[in-house]
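Colleague: Just so we're aligned, residue 9 is where the sequence shown starts under the working numbering, counting upward by one.
There are no misleading hints in this set.
Below, a list of computed lysine-lysine pairs in the DSBU-like style, where the Cα atoms sit at most 30 Å apart:
#1 K129 - K18
#2 K129 - K71
#3 K181 - K202
Ranges between beta-carbon positions, derived for each pair:
#4 A200 - Y165: 19 to 25 Å
#5 V95 - L145: 32 to 38 Å
#6 R207 - Y32: 46 to 52 Å
#7 E69 - M204: 28 to 34 Å
#8 G80 - N123: 25 to 31 Å
#9 D79 - K164: 39 to 45 Å
#10 A174 - S61: 31 to 37 Å
#11 D110 - K164: 37 to 43 Å
#12 E160 - E69: 30 to 36 Å
#13 N93 - S147: 30 to 36 Å
#14 D72 - A187: 31 to 37 Å
Just so you know, the hints here were simulated from the structure itself, not pulled from any lab data. Note that the structure is a prediction, hence the values are computed from the model and not measured. Glycine included, each C-beta is placed from N, C-alpha and C at the ideal position.
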Amino acid sequence: NMGGKTISLKMVGQCAMLAQHGFYVPCTRARIGLSSYIHILIGDSQNLQRGLSSFGSEMEELKDILDRSKDGALLLIDEIASGTNPVEGLALTRSIVDYLSDQAYISLITTHFDNVSIGGKIRNMQVRGLADVDFELLSREIRYANRRERIEIIGKYMDYRLYEVADNKEIPKDALNIAQMLGIDRDIITRARKYMEDRKR
Numbered sequence: 009n010m011g012g013k014t015i016s017l018k019m020v021g022q023c024a025m026l027a028q029h030g031f032y033v034p035c036t037r038a039r040i041g042l043s044s045y046i047h048i049l050i051g052d053s054q055n056l057q058r059g060l061s062s063f064g065s066e067m068e069e070l071k072d073i074l075d076r077s078k079d080g081a082l083l084l085i086d087e088i089a090s091g092t093n094p095v096e097g098l099a100l101t102r103s104i105v106d107y108l109s110d111q112a113y114i115s116l117i118t119t120h121f122d123n124v125s126i127g128g129k130i131r132n133m134q135v136r137g138l139a140d141v142d143f144e145l146l147s148r149e150i151r152y153a154n155r156r157e158r159i160e161i162i163g164k165y166m167d168y169r170l171y172e173v174a175d176n177k178e179i180p181k182d183a184l185n186i187a188q189m190l191g192i193d194r195d196i197i198t199r200a201r202k203y204m205e206d207r208k209r
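Turn these sequences into a full structure, and let the hints guide you.
Modeller: Below, the structure is given as structure tokens:
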């Protein structure tokens, strides 16, 4: 949450497009192959005219992407299947990752789901986010800030670098800390923490 996954995905797409068209990319060194097709699937694409939910629109767009893709494609997909129930969303995300790993595509997929891919040709990367932040200290710093200032202060502490993680590493859970720092009632946060603890048992 607020860790820069979508921004990182967009940056990869922009750098790939720059390289594809012969422009310099914003880095000291880069090795970027040419792609036969580049597509990025991001955001809430509800199709109100056709009566499709975000999930339905996302599945339609994914089908179109896969139908058009061929060897050498670069597919950038942001939080696939997050618009449906978590059990089916995780199962669908895992199967999409598994399917794409068998294709001659390069795919970069962001998700909030834990343990989506295990082994094989898949590298698991993670945005560092707020992993090294002292939340008590940060909470004190933003206590008297207005809404805009709170977002800016949290953004200042966010580490957007990617690093490789083990296949079975649990995804960091910062949502409750961020919600609390942004002023969500302490009772709501306490209940949410209890629900999470009960679920682990």
